[in-house]
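If you're matching them up, the sequences are chains S and Y in order. Residue numbers are given in my numbering: position 122 of the first sequence equals residue 122, and the series is strictly consecutive. Residue numbers are given in my numbering: position 90 of the second sequence equals residue 90, and the series is strictly consecutive.
Since the hints were derived computationally from the structure, they do not count as laboratory data. Be a bit skeptical, because a hint or two may be false.
Listed next, the in silico DSBU-like pairs over lysine-lysine satisfying Cα-Cα at most 35 angstroms (straight line) [claimed, not checked]:
#1 K189/Y x K75/S
#2 K75/S x K285/Y
#3 K154/S x K90/Y
#4 K29/Y x K285/Y
#5 K61/Y x K149/S
#6 K7/S x K42/Y
#7 K42/Y x K173/Y
#8 K99/Y x K149/S
#9 K187/Y x K75/S
#10 K146/S x K99/Y
#11 K149/S x K189/Y
#12 K173/Y x K75/S
#13 K149/S x K75/S
#14 K187/Y x K146/S
#15 K285/Y x K149/S
#16 K42/Y x K249/Y
#17 K3/S x K61/Y
#18 K99/Y x K154/S
#19 K75/S x K61/Y
Listed next, the stretches of chain Y that the computed footprint assigns to chain S, with coverage defined by at least 3 CB atoms under 8 angstroms from CB atoms of chain S [claimed, not checked]:
#20 43-57
#21 101-108
#22 113-121
One side of the interface only, derived from the structure: several residues of chain S facing chain Y at Cβ under 8 angstroms [what the hints assert, rightly or not]:
#23 L24
#24 T51
#25 Q68
#26 G130
Model, not experiment: these values are computed from the prediction. Where is the CB? At the ideal position from N, CA and C, for every residue including glycine.
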Amino acid sequence: MAKQIVKMNLNGQEIEQLVDSRTLLVHFLREQMNLTGAHIGCETSHCGACTVDIDGESVKACTHLAVQCDGCEVKTVEGLADGGILHAVQEAFYEEHGLQCGYCTPGMLMTSYRFLQNNPNPTEDEIRVGLSGNLCRCTGYQNIVKAVKSAAVKLQQKESATA
Amino acid sequence: MIPPSFEYHRPSSVEEAVGLLSSLGSEAKILAGGHSLLPMMKLRFAEPEHLVDINRIPELKGVRVVGDNIIIGAMTSENAVIADPVLNEKVPLLPEAAKLIADPQVRNRGTIGGDIAHGDPANDHPALALACDAIMTIAGPNGTRQVPASEFFLGTYWTALEETDILTEITVKAFPQGAGYAYKKLKRKTGDWATAACAVVVALSGGSVSHIRITLTNLGPTALRAHDAESVLMGQSVNDDLIRQAAAKAMEICDPAEDLRGDAEYKTAMAGQMVQRAINEALAKVS
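Turn these sequences into a full structure, and let the hints steer you where they fit.
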């Protein structure tokens, strides 16, 4: 089998793993690293449930090979909270009821997290475009958009509090 | 769905990549953004024994200006195209159209070169390349060569690239001063391919059309340039009647494949609509 050693920084931890070259990142995370936050939805890069952060960009982990992450910084939804304290995006989804069944939520959170890093004060239209690669079959998106707006405010408040 | 087994190679230069392709032969495929190839591998439509990942070749990324040439590295991502200041100023059709490709996450991985080299008539960059008179730079075992977009797309999944070639650069020129442009894409949802799409670049001189390109996506076995439609408008002071005539000429060359997006008649009718909308929008942007 075509196995390779892959080193990466995964949620702040340096790891080194033997990976089959054909293993998709989402399977590597879920099955080899036991990080089941990134979900397998459509497996065709449409639904966004598997979205993770690679080197500061949102990527669909179902259409990315684990071996491609060698030397990269990878962040999953498990790396979002800080020692049991929810990230502002998670807090906002919880407060605004930005989820029902929760299946799309890890992807929504990771996309929202990166989107707000790049655009800290978005308009509603920008939020909807920013989240257009993530599908939700429950909420109708209204509360998700509200949650991202609320998270933007929370993050800005945190920023000004520490400034 | 997991792709079939393969050996993974990650060259760090174009030379190394070409060497790998030459030694591995027809069992090797290039891995660019992977958002066409990996899905095809999952479905066993492609079963390469070797993948040559060209994501870590720095010279293939980014946009640079040399004289009056704007050179776009083939591995420049769609989001990098959207954000690039040179493209936004000189060839604004490309960033505007790239916003209509796939979705935000896919645009982080998907590349302009991958979109072109795949040879899929449903991809958007082939028609955009035709509209911009792009020149493709290709690296192969015998050195590099250049092929204009008009001679690059030979058929569905069939381009001027040989198995041992890599598309390295896409070269375009700045649009004529004051040119208008538009890309109108009818799609069912975010992330979908075009049911029908049309790119237009137009410039006026003394109120008459002095430069015009009308190109079509997903309306035939390759992207199409609607020469006869352009001829209807060239040298003319454009009015609604001429725009309808141009759209009718463009519809004549449409030969779309029937699929879930519609039958040939519907897609051709939508092509006519996209052409009219794109011409109108491009004219409105002329300054």
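*Which numbered hints are broken by the structure, listed smallest first?*
Of the numbered hints given earlier, those the structure breaks are 2, 3, 4, 7, 12, 16 and 22, listed in rising order.
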